[in-house]
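Chains as they are written, first to last, in numbering that gives the first Met the number 0: chain F, 0 to 351; chain D, 0 to 335; chain L, 0 to 278; chain A, 0 to 151.
Simulated from the structure, these hints should not be mistaken for laboratory data. Be aware that one or more of the hints could be misleading.
In silico lysine-lysine, DSSO-like type, Cα no more than 30 Å apart, as pairs [what the hints assert, rightly or not]:
| hint | chain 1 | residue 1 | chain 2 | residue 2 |
| --- | --- | --- | --- | --- |
| 1 | D | K211 | D | K302 |
| 2 | F | K123 | A | K149 |
| 3 | L | K54 | A | K140 |
| 4 | D | K252 | L | K76 |
| 5 | F | K41 | A | K101 |
| 6 | F | K263 | A | K133 |
| 7 | F | K214 | L | K272 |
| 8 | L | K197 | F | K115 |
| 9 | F | K73 | A | K145 |
| 10 | D | K302 | F | K73 |
| 11 | L | K54 | A | K133 |
| 12 | D | K246 | F | K38 |
| 13 | A | K145 | D | K211 |
| 14 | D | K299 | A | K65 |
| 15 | F | K41 | D | K34 |
| 16 | D | K81 | F | K123 |
| 17 | F | K73 | F | K197 |
| 18 | L | K137 | F | K263 |
| 19 | A | K133 | D | K48 |
| 20 | A | K133 | F | K120 |
| 21 | F | K115 | F | K41 |
| 22 | A | K146 | F | K41 |
| 23 | D | K252 | F | K83 |
| 24 | F | K83 | A | K65 |
| 25 | D | K246 | L | K12 |
| 26 | A | K145 | F | K83 |
| 27 | A | K133 | D | K252 |
| 28 | D | K54 | A | K133 |
| 29 | F | K264 | L | K272 |
| 30 | F | K215 | D | K34 |
| 31 | A | K133 | F | K73 |
| 32 | F | K120 | L | K37 |
Listed next, with one range per pair, are the computed distances between beta-carbon atoms [what the hints assert, rightly or not]:
| hint | chain 1 | residue 1 | chain 2 | residue 2 | range |
| --- | --- | --- | --- | --- | --- |
| 33 | F | S338 | D | R18 | 18 to 26 Å |
| 34 | A | P143 | L | R180 | 32 to 40 Å |
| 35 | L | K273 | D | Y214 | 53 to 61 Å |
| 36 | A | R48 | D | K81 | 55 to 63 Å |
| 37 | A | R48 | D | E213 | 40 to 48 Å |
All residues carry an ideal CB built from backbone N, CA and C; glycine is no exception.
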Amino acid sequence: MGEKLLNKSDIGKLINELGKEYSIYAATNDKQGNIIFDKIEKAEDILLDYLNSKIPPKSVLFPKVETLFEYEIKDDDIEITNPKDLYEKRIIFGIRPCDAYSFQLFENFFGYGQFKDELFKTKKENTILFGIGCNLPRQTCFCTSVEGHPHKKDDVDVFLVDLGDKYLVESISEKGKNIVQKLSWLSNTTEADIQKAKELSKLAEESMSTKIDIKKVIKIFQENFDNPIWDDISMSCIGCGSCTLLCPTCHCFDVIDENDPMSKKGRRIRLWDTCQSSIYTLETSGHNPRPNKVQRFRNRILHKFCYYPTNYDLIGCVGCGRCINICPVNNDLRNIFNSILKIEKKEEVKVV
Amino acid sequence: MVIEEENQNIEQLIRELARKLLEEKQVDVIIGYAKGTVPLSSAPIVIDKVEDVDKLIWNNLCYINLAKYLVPRIPQFTDPEKGDLKVGIVSKGCVGRALIHLSVEQQLDLNNIKIIGIPCNGIINRKKIEKEIGEREILELSVSGDNIVVKGRDFEQTLPFDEYENELCKVCKVKSPPTIADICIGECLENPVIMDDFTDVADFDSKTPDEKWEYVKSLLEPCTRCYACREACPMCYCNLCFVDQNKPVWFGKTTELSDIIIFHLIRALHMAGRCVACGACSSVCPMGIDLTFITRSLEKIAKERYGFTSGIDPKTLPPMMAFDMDDEQEFMLEED
Amino acid sequence: MSNPYIPLLTTVKSIVSENKVNDIKTIELKFKKEEDYKSFNYIPGQFAEISLIGKGECPIGIASSPTEEGSIKFTIKKMGEVTSGFHKCGIGDIVGVRGPCGNGWPMEEIKGKNIVVIGGGFAFSTLRSLILYVLDEKYRSDYKDVTVIYGNRDSSEVLYREILEEWEKRDDIKIVLTIDREEEGWTREVGFVAAIVKKVAPSPDNAVAVVCGPPIMIKTAVAELVNLGWKDEQILNSLEMRMKCGIGKCGRCNIGNKFVCVDGPVFSLAELKKLPNEY
Amino acid sequence: MSDIQTKTDQSEKKEEWEPKIIAFLCNWCSYAGADLAGVSRIQYPANIRIVRVPCSGRVNPFFIIKSLLRGWDGVVVSGCHPGDCHYISGNLVARRRFTFLKELLNLFGIEPDRVTFMWSSASEGDRFATLIKKATNMIKKIGPNKKFEKTW
Chain F
0 MGEKLLNKSD IGKLINELGK EYSIYAATND KQGNIIFDKI EKAEDILLDY LNSKIPPKSV
60 LFPKVETLFE YEIKDDDIEI TNPKDLYEKR IIFGIRPCDA YSFQLFENFF GYGQFKDELF
120 KTKKENTILF GIGCNLPRQT CFCTSVEGHP HKKDDVDVFL VDLGDKYLVE SISEKGKNIV
180 QKLSWLSNTT EADIQKAKEL SKLAEESMST KIDIKKVIKI FQENFDNPIW DDISMSCIGC
240 GSCTLLCPTC HCFDVIDEND PMSKKGRRIR LWDTCQSSIY TLETSGHNPR PNKVQRFRNR
300 ILHKFCYYPT NYDLIGCVGC GRCINICPVN NDLRNIFNSI LKIEKKEEVK VV
Chain D
0 MVIEEENQNI EQLIRELARK LLEEKQVDVI IGYAKGTVPL SSAPIVIDKV EDVDKLIWNN
60 LCYINLAKYL VPRIPQFTDP EKGDLKVGIV SKGCVGRALI HLSVEQQLDL NNIKIIGIPC
120 NGIINRKKIE KEIGEREILE LSVSGDNIVV KGRDFEQTLP FDEYENELCK VCKVKSPPTI
180 ADICIGECLE NPVIMDDFTD VADFDSKTPD EKWEYVKSLL EPCTRCYACR EACPMCYCNL
240 CFVDQNKPVW FGKTTELSDI IIFHLIRALH MAGRCVACGA CSSVCPMGID LTFITRSLEK
300 IAKERYGFTS GIDPKTLPPM MAFDMDDEQE FMLEED
Chain L
0 MSNPYIPLLT TVKSIVSENK VNDIKTIELK FKKEEDYKSF NYIPGQFAEI SLIGKGECPI
60 GIASSPTEEG SIKFTIKKMG EVTSGFHKCG IGDIVGVRGP CGNGWPMEEI KGKNIVVIGG
120 GFAFSTLRSL ILYVLDEKYR SDYKDVTVIY GNRDSSEVLY REILEEWEKR DDIKIVLTID
180 REEEGWTREV GFVAAIVKKV APSPDNAVAV VCGPPIMIKT AVAELVNLGW KDEQILNSLE
240 MRMKCGIGKC GRCNIGNKFV CVDGPVFSLA ELKKLPNEY
Chain A
0 MSDIQTKTDQ SEKKEEWEPK IIAFLCNWCS YAGADLAGVS RIQYPANIRI VRVPCSGRVN
60 PFFIIKSLLR GWDGVVVSGC HPGDCHYISG NLVARRRFTF LKELLNLFGI EPDRVTFMWS
120 SASEGDRFAT LIKKATNMIK KIGPNKKFEK TW
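For reference, chain F alone in the conformation it holds in the complex (with noise of 0.2 Å):
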């Protein structure tokens, strides 16, 4: 039996705990009060009940800047180190199924080929995930259309179920039982508890109130590059990127030198970057392969929903509806699958 009890009263006393050897990351409030995942100092500020955090949980081990190497000009010589924090342990607490899946598509993106991104491999070798299952999604979520579900276990290492007064704690991994092994003083489960953990997980699932039959819309697009509906529902976009920004799994970064003007030290870093932006595909001789928004707005849905099965497999979306909650102009994807069933249907008409 590896499930395991948590009182709602205790989650200080675990974070104290594990954080004498992990750096705990886990949901917060920034100035702003944007629930934002960063280092937690005080068990306090842990925010385990929020519908789902703005920034996802990609910024602790892919961060908004992240230094790719650190380099100092000698007189004839450039020496070139690691970045620092790359060897950090850490938990990230209360993280989402679907941001946790999320992490497998940039595990399985950023290794894929004969080059591998080994910086966040490395980070993510050194990082433990404790899950919270979703016991209330949003009317914006949609991860069982994507083949996921509020309560996936199959990502994180420990996984907790929100029984009211308390968690159930189910280790998962290898990762996870050690380290839910440590921990003695969780308590024992009843049977009644795993029972109610499996209804929450059901009735989860079925408050989700958008279902979408992904694999007809994945090959709708496959078929429809071309199609001039994409001008009718990319009209709107204004083209700012917060989309992609926001996107557990968008992984396009810009690389830029950032120089010490006070000394010869400097460090090659990292950027999010966005293919909603011009100049994202703006070669040097002015020549650029996706001038217009169209073509822009396209390419960042079929990333996800085409070229991404094609590749690997996978759909490269989680469903979290993020980008849904955050478009400034409304551009639904929901509405943006329901335009795009409807062409198929026009054309059955045709042949019929």
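With the hints as your guide, set chains D, L and A onto chain F.
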């Protein structure tokens, strides 16, 4: 009149005028607002058929400045055969101001545009509502009487409209677009005279530099550099923004505080005497950063120093496009 | 952990200015450590991410051939921050190199075939690498006739003059040089590359065409080849794309589901036809 | 630039802190004025490093902000008196620009005294020296520019 009734009247006005324009073929397309799919939003929409007129709505969440869809950076209202299309644009005061200012800067031709003037009755501050409701999901938001009613799964909360209105809308003096002969229909202001005492920024002005710096720091800290503020701003139409320039690289692109502050400082500088105070930048910010203090201060500087209010008169040049021998220069260093 | 973003360090060994206006230079780099050079195994058509530490990084095609031992060469046009930095470099300066990246010309698959090289402007660098490789004693017998069609805006822009002269002396390679507009003293062809392709009319029998140049040249020259009866599989293009990481992670160089930096930059016309027209 | 800074950094520890000030001087008036001050042996603080620009209208606010970002403690911009501009109205255009810049620096809480604008003609060597003295003292009063420092 209560807000709820006003909304209905405005909506009716928009639909009537839009129907008339389309039926009489005075315009080819109309840009307006449609109902959003999430509670705190509205969606810009383009219609070209009379049947679609009923999709146009008005509520207190129409925060996008529709003039953005006409700036040259996003050219889309052209037809291969007809050339430039005639566009009708649902205009609250700040949309009208943006259009007029853009024409002053020769970025668009007002003759291709029909301004459908409406008397805006204020926009709700989305961020303030989100903050108030906290981590509960908002499922529905409506205006009832003079109150905002927020409904969720197991709660219902009534909030007074006055308190949750955008700061900018509270002090707005140009609720309807200024009239320009021949291109305006609906409710427009004839020769508006703007009187503004800027009492709302007086408080901020009296702070010491360090206090201001601390305020700016904590305000801008969450910025992710997504540039939604820039993209939603009708005045930001440069082909290549200064932060994107790389010959030379002027300012850093990182999310370190100094780079963030510099970005907002320079953007504010570029908005000087041009900002039309629509508040779109604050409304669209995914991180809820309220840039009102910049907007208001820019208006104040332009008004107090040069007597200029942007987007009122298509014939007056904005302060940064003109100069005068007798400009005040009290900030110049002089011998004692 | 081996950090894939850390470059190998090299020093500038020589700098050659390639044209009259002096905005194209070929720099020769020597690896600081011998083992780095040994691990840097490349084939013609590949590129490397070269960087000036403190300025930035950019992807540049490798102009030298693996047969030229001891160093690697890059031909760089002065364009932005980084490339201008390279133009200010002196001998002995330190340059970072990551790579080789990309797939390169399919040297194995085109063995036993005639090779038609079509190049325009300073995109000729990776073609130089290819030609040198093919003409090298070790490999010459693997490939058949080589025809080179090389176009430029004007005569002062022709790169690698010395090596071109050497090639002209040989009888196993045919060189056709062209410039866009007539000029005094120019005795070679005049006209756009596509027109010259039509005039030269290379035979598609047992041959491959290797095309590299500005997008408009690729488009027109390829159309001419297709008119001459060339098949899509026989036409190889080397594409340009904006890149940052060069190793398929930063995302910006995708054409459909392919990344130019790892799946390209060399694509056959047949492959390109399957991809969206976003390049 | 960084050389100068490292040098002054070292001296900072030993002696009293001296500000580093970058001055953009217009070619026709202020630069000549500075020259005159030098030729006439009028003493003025050695804290300024001069950048000669064709006209005060050439001074993009970017220059000023970038200087602050790079760690300069103060910026001085000097041009011809209104009406005397070699290009007729360059300094008048500049004046409007500086008005807004000054107001915005103030708004963001960056000490407005760090950035100084002044007029000084080719014949006013002593005025130039006096104003530079005044500006230097003002900047000394505020202290070092630390607001834009990044963590290294």
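Comparing the hints with the structure gives:
| no. | hint | in the structure |
| --- | --- | --- |
| 1 | D:K211 x D:K302 | holds, 22 Å |
| 2 | F:K123 x A:K149 | holds, 27 Å |
| 3 | L:K54 x A:K140 | violated, 36 Å |
| 4 | D:K252 x L:K76 | holds, 26 Å |
| 5 | F:K41 x A:K101 | violated, 41 Å |
| 6 | F:K263 x A:K133 | violated, 33 Å |
| 7 | F:K214 x L:K272 | holds, 25 Å |
| 8 | L:K197 x F:K115 | violated, 45 Å |
| 9 | F:K73 x A:K145 | holds, 26 Å |
| 10 | D:K302 x F:K73 | violated, 54 Å |
| 11 | L:K54 x A:K133 | violated, 38 Å |
| 12 | D:K246 x F:K38 | violated, 37 Å |
| 13 | A:K145 x D:K211 | holds, 15 Å |
| 14 | D:K299 x A:K65 | holds, 26 Å |
| 15 | F:K41 x D:K34 | violated, 43 Å |
| 16 | D:K81 x F:K123 | violated, 56 Å |
| 17 | F:K73 x F:K197 | violated, 62 Å |
| 18 | L:K137 x F:K263 | violated, 46 Å |
| 19 | A:K133 x D:K48 | violated, 68 Å |
| 20 | A:K133 x F:K120 | violated, 57 Å |
| 21 | F:K115 x F:K41 | violated, 36 Å |
| 22 | A:K146 x F:K41 | holds, 28 Å |
| 23 | D:K252 x F:K83 | holds, 22 Å |
| 24 | F:K83 x A:K65 | holds, 29 Å |
| 25 | D:K246 x L:K12 | holds, 28 Å |
| 26 | A:K145 x F:K83 | holds, 25 Å |
| 27 | A:K133 x D:K252 | violated, 36 Å |
| 28 | D:K54 x A:K133 | violated, 65 Å |
| 29 | F:K264 x L:K272 | violated, 47 Å |
| 30 | F:K215 x D:K34 | holds, 27 Å |
| 31 | A:K133 x F:K73 | violated, 39 Å |
| 32 | F:K120 x L:K37 | holds, 27 Å |
| 33 | F:S338 x D:R18: 18 to 26 Å | holds, 25 Å |
| 34 | A:P143 x L:R180: 32 to 40 Å | violated, 60 Å |
| 35 | L:K273 x D:Y214: 53 to 61 Å | holds, 56 Å |
| 36 | A:R48 x D:K81: 55 to 63 Å | holds, 59 Å |
| 37 | A:R48 x D:E213: 40 to 48 Å | violated, 31 Å |
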